[in-house]
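Peer 1: Spelled out from the first residue to the last, the chains are:
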Amino acid sequence: MRKKLLEYKNVAAQFNTIEGQTNTLNDIDLTIYEGMSLGIVGESGCGKSVTARLPIRLLPEPMFKITNGDVIYHRDDKPFDVLSVKQNGKEINRIRGKEISMIFQEPMSSLSPIHTVGSQMRELIMQHSDMSKEQAKEHAINMLERARVPRAREVYDDYTFQLSGGMRQRVMIAMGVSCSPRLLFADEPTTALDVTIQAQILGLIKDIQREENMALVLITHDLAVVANMVDEIAVFYLGYIVEQGTTDQVLKTPKHPYTKALIDSIPTLHTSEALKPIKGSIPDPYTKITGCPFWMRCDKATDQCRQEVPPFFSHENDHKVRCFEA
Amino acid sequence: MNDNTTPLVEVEGLQMHFSMKGGAFSRRAGVIKAVDGVDFKIFPNETFGLVGESGCGKTTVGRAILKAMQPTSGKVIYNSKNGGKIDLVPMTNKELRPFRQEIQMIFQDPYSSLSPRMTVQQILEEPLRLAGHADKEYLYEQAKEMIQQVGLRSSHLMRYPHAFSGGQRQRIGIARSLITRPRFIVADEAVSALDVSVQAQILEILAELKNKFNLSYLFISHDLSVVKYLCDRVGVMYLGRIVEVAPTDILFKTPLHPYTEALMHAIPDINERQIRSDILAGEIPDAANPPSGCAFHNRCKYAKDKCQSETPKLREFTDTFNGKEIFRQSACHFVEEIYYK
Numbered sequence: 001m002r003k004k005l006l007e008y009k010n011v012a013a014q015f016n017t018i019e020g021q022t023n024t025l026n027d028i029d030l031t032i033y034e035g036m037s038l039g040i041v042g043e044s045g046c047g048k049s050v051t052a053r054l055p056i057r058l059l060p061e062p063m064f065k066i067t068n069g070d071v072i073y074h075r076d077d078k079p080f081d082v083l084s085v086k087q088n089g090k091e092i093n094r095i096r097g098k099e100i101s102m103i104f105q106e107p108m109s110s111l112s113p114i115h116t117v118g119s120q121m122r123e124l125i126m127q128h129s130d131m132s133k134e135q136a137k138e139h140a141i142n143m144l145e146r147a148r149v150p151r152a153r154e155v156y157d158d159y160t161f162q163l164s165g166g167m168r169q170r171v172m173i174a175m176g177v178s179c180s181p182r183l184l185f186a187d188e189p190t191t192a193l194d195v196t197i198q199a200q201i202l203g204l205i206k207d208i209q210r211e212e213n214m215a216l217v218l219i220t221h222d223l224a225v226v227a228n229m230v231d232e233i234a235v236f237y238l239g240y241i242v243e244q245g246t247t248d249q250v251l252k253t254p255k256h257p258y259t260k261a262l263i264d265s266i267p268t269l270h271t272s273e274a275l276k277p278i279k280g281s282i283p284d285p286y287t288k289i290t291g292c293p294f295w296m297r298c299d300k301a302t303d304q305c306r307q308e309v310p311p312f313f314s315h316e317n318d319h320k321v322r323c324f325e326a
Numbered sequence: 327m328n329d330n331t332t333p334l335v336e337v338e339g340l341q342m343h344f345s346m347k348g349g350a351f352s353r354r355a356g357v358i359k360a361v362d363g364v365d366f367k368i369f370p371n372e373t374f375g376l377v378g379e380s381g382c383g384k385t386t387v388g389r390a391i392l393k394a395m396q397p398t399s400g401k402v403i404y405n406s407k408n409g410g411k412i413d414l415v416p417m418t419n420k421e422l423r424p425f426r427q428e429i430q431m432i433f434q435d436p437y438s439s440l441s442p443r444m445t446v447q448q449i450l451e452e453p454l455r456l457a458g459h460a461d462k463e464y465l466y467e468q469a470k471e472m473i474q475q476v477g478l479r480s481s482h483l484m485r486y487p488h489a490f491s492g493g494q495r496q497r498i499g500i501a502r503s504l505i506t507r508p509r510f511i512v513a514d515e516a517v518s519a520l521d522v523s524v525q526a527q528i529l530e531i532l533a534e535l536k537n538k539f540n541l542s543y544l545f546i547s548h549d550l551s552v553v554k555y556l557c558d559r560v561g562v563m564y565l566g567r568i569v570e571v572a573p574t575d576i577l578f579k580t581p582l583h584p585y586t587e588a589l590m591h592a593i594p595d596i597n598e599r600q601i602r603s604d605i606l607a608g609e610i611p612d613a614a615n616p617p618s619g620c621a622f623h624n625r626c627k628y629a630k631d632k633c634q635s636e637t638p639k640l641r642e643f644t645d646t647f648n649g650k651e652i653f654r655q656s657a658c659h660f661v662e663e664i665y666y667k
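Those sequence lines, one after another, are chains A and B.
Just so you know, the first sequence maps onto residues 1 to 326 in the working numbering.
Just so you know, the second sequence maps onto residues 327 to 667 in the working numbering.
Keep in mind that the hints are not guaranteed to be accurate.
[Stated by the list, open to error] Here are the simulated EDC-like cross-link-like pairs (lysine to aspartate or glutamate), alpha carbons at most 20 Å apart as the crow flies:
no.: 1; chain 1: A; residue 1: K279; chain 2: B; residue 2: E534
no.: 2; chain 1: B; residue 1: K632; chain 2: B; residue 2: E663
no.: 3; chain 1: A; residue 1: K279; chain 2: B; residue 2: E530
Think of the hints as simulated: they come from the structure by calculation, not from any bench.
Full structure from sequences and hints, please.
Peer 2: This is the structure:
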């Protein structure tokens with residue numbers, strides 16, 4: 001029996017901006033278990049990053065508003081509703097960065113340019129433990145070494161602008177796992193990197209996940225990146241989860257037309273089939289769509305699709321799909 | 327007249343060096359050889375891909391060809407529509423002007439490359455105006471035709487760029503490049519900023535327009551799978567040099583350079599479920615301080631002593647592929663030992 005770690009229960013959320021209201025998340029139902037690896041895949045505006053920032057309350061409230069649902073964090077078999085407490089209160093600070101940690105896409109803008117690598121890491125470690133300054137330093141260097149930063153002791157005293165992109169991302173990873181989190185969100189961790197460096201960083205994340213036995217949520221727009229990194233995949237489109245299942249279920253036997261189309265529209269190195277692009281483009285976030293979020297771009301759309309949002313239906317072996325026709 | 331065996335563009339010994347000035351804080355001054363002796367040819371109606379990781383000089387090559395930067399040395403020979411072969415490198419901006427219509431560019435970022443203060447119609451008409459056309463009727467007709475060619479409607483001409491999505495903006499950018507009926511287009515990371523579902527549409531448009539308007543592309547990208555889809559021939563760059571050139575199909579099937587091989591291994595594939603164990607180690611070296619000999623030797627699994635001391639030249643090889651004889655090039659000392667055993 002897998003132990004629940006984090007649960008999203010029918011979460012709906014919106015941004016209220018001057019230009020209008022966006023339906024950023026709609027009916028998100030997702031459970032993350034201890035030690036599992038989940039890939040969240042989707043294109044821009046699908047709500048994947050918001051989903052990751054929600055449990056540690058990194059979103060600009062009150063512009064960002066949860067309109068429905070709960071996010072439950074399970075610790076010591078006690079469920080804890082992370083939405084019920086203050087955004088920057090004690091309860092969240094205990095979780096944020098320690099039990100649930102995060103790696104961001106652009107390490108240059110998420111690391112401080114005016115502090116050394118060491119002082120940033122030490123601050124985080126000392127915040128969440130009773131280590132002394134020296135102990136924290138040794139721990140930080142140890143973590144840098146685990147993230148395979150060469151000359152870790154020297155890099156500890158470097159500023160982030162002195163490091164290459166790949167090296168910065170290693171520092172970010174070392175920092176992200178330095179408090180032994182139970183869950184690590186990696187939000188597009190390799191999108192800004194070159195392919196040879198991307199391969200190194202993905203391998204590193206996978207190794208650390210195995211060693212630490214932590215849960216990993218990898219957020220990306222690139223299906224090929226998740227294919228060899230995670231056990232389960234959730235495909236997002238316009239704030240809905242449209243398909244969820246094991247990696248094999250989603251990639252080998254996709255059931256939702258969007259997932260199928262997404263797979264067909266990626267050029268791959270090992271096949272030379274013609275691309276089949278999805279017609280149209282992603283609607284802008286302020287448009288209100290009735291019915292299925294994908295019907296405008298779907299070839300199989302029926303009248304029912306235009307009027308009703310399909311339920312998130314479980315098929316065989318817990319392969320969930322939000323489509324009337326699947 | 328041009329036939330398909332006379333190259334449209336020939337790049338010979340192209341070099342682009344940037345000097346670093348020693349200011350108060352820089353400890354060293356020297357020369358960055360962003361592009362250090364690059365040769366390739368692009369034939370009519372051919373898409374030539376240039377791939378490599380950041381800092382390899384691929385963008386600089388594109389800019390030097392367009393003369394957006396003045397190359398340090400080398401030749402860019404362009405086989406013009408009615409003037410025969412000309413070398414673009416020594417020409418002044420004024421001399422280049424007649425040829426600007428024939429050579430155009432598609433930019434990476436569809437958000438910053440369109441002026442937010444101009445309507446789509448003004449954006450599309452501007453290159454023609456610069457070329458001396460003034461007849462309003464003619465300009466409008468041309469803009470209307472081109473906007474339809476890229477899959478938008480003529481009613482879109484009255485709008486401003488902010489009203490469009492990224493994919494639509496990229497279509498507008500393509501229409502602007504094509505409106506002067508160019509023969510050669512430099513597309514630098516033209517689909518990298520787009521979502522995958524939209525990226526596929528733009529790739530299809532580029533492929534379709536190439537045949538319709540008999541275009542040649544220099545397609546610069548870091549994404550090998552995109553290059554594989556669109557390009558006829560590919561050049562792989564590493565630290566300012568081309569390390570391998572081959573027709574796309576054969577390059578991806580049997581690479582002849584260790585860097586190409588490593589690059590292909592590093593790309594995650596949707597059908598592969600294993601993490602590669604033979605990932606390329608190390609980082610791309612600093613261009614200001616490149617390794618001696620073959621620039622790739624410190625990351626290469628086949629490297630021998632010779633690689634450290636001697637810079638390999640791009641050599642010609644002949645292969646047979648699908649029953650046809652094919653010419654390709656590789657800059658590795660040990661092609662025969664590694665790949666033709």
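Peer 1: If a hint holds in the structure, say so; if it does not, say that too.
Peer 2: Taking the hints in turn, this is what the structure says about them:
no.: 1; hint: K279/A - E534/B; verdict: holds (16 Å)
no.: 2; hint: K632/B - E663/B; verdict: holds (13 Å)
no.: 3; hint: K279/A - E530/B; verdict: holds (12 Å)
Checked against the numbered hints given earlier, this structure breaks none of them.
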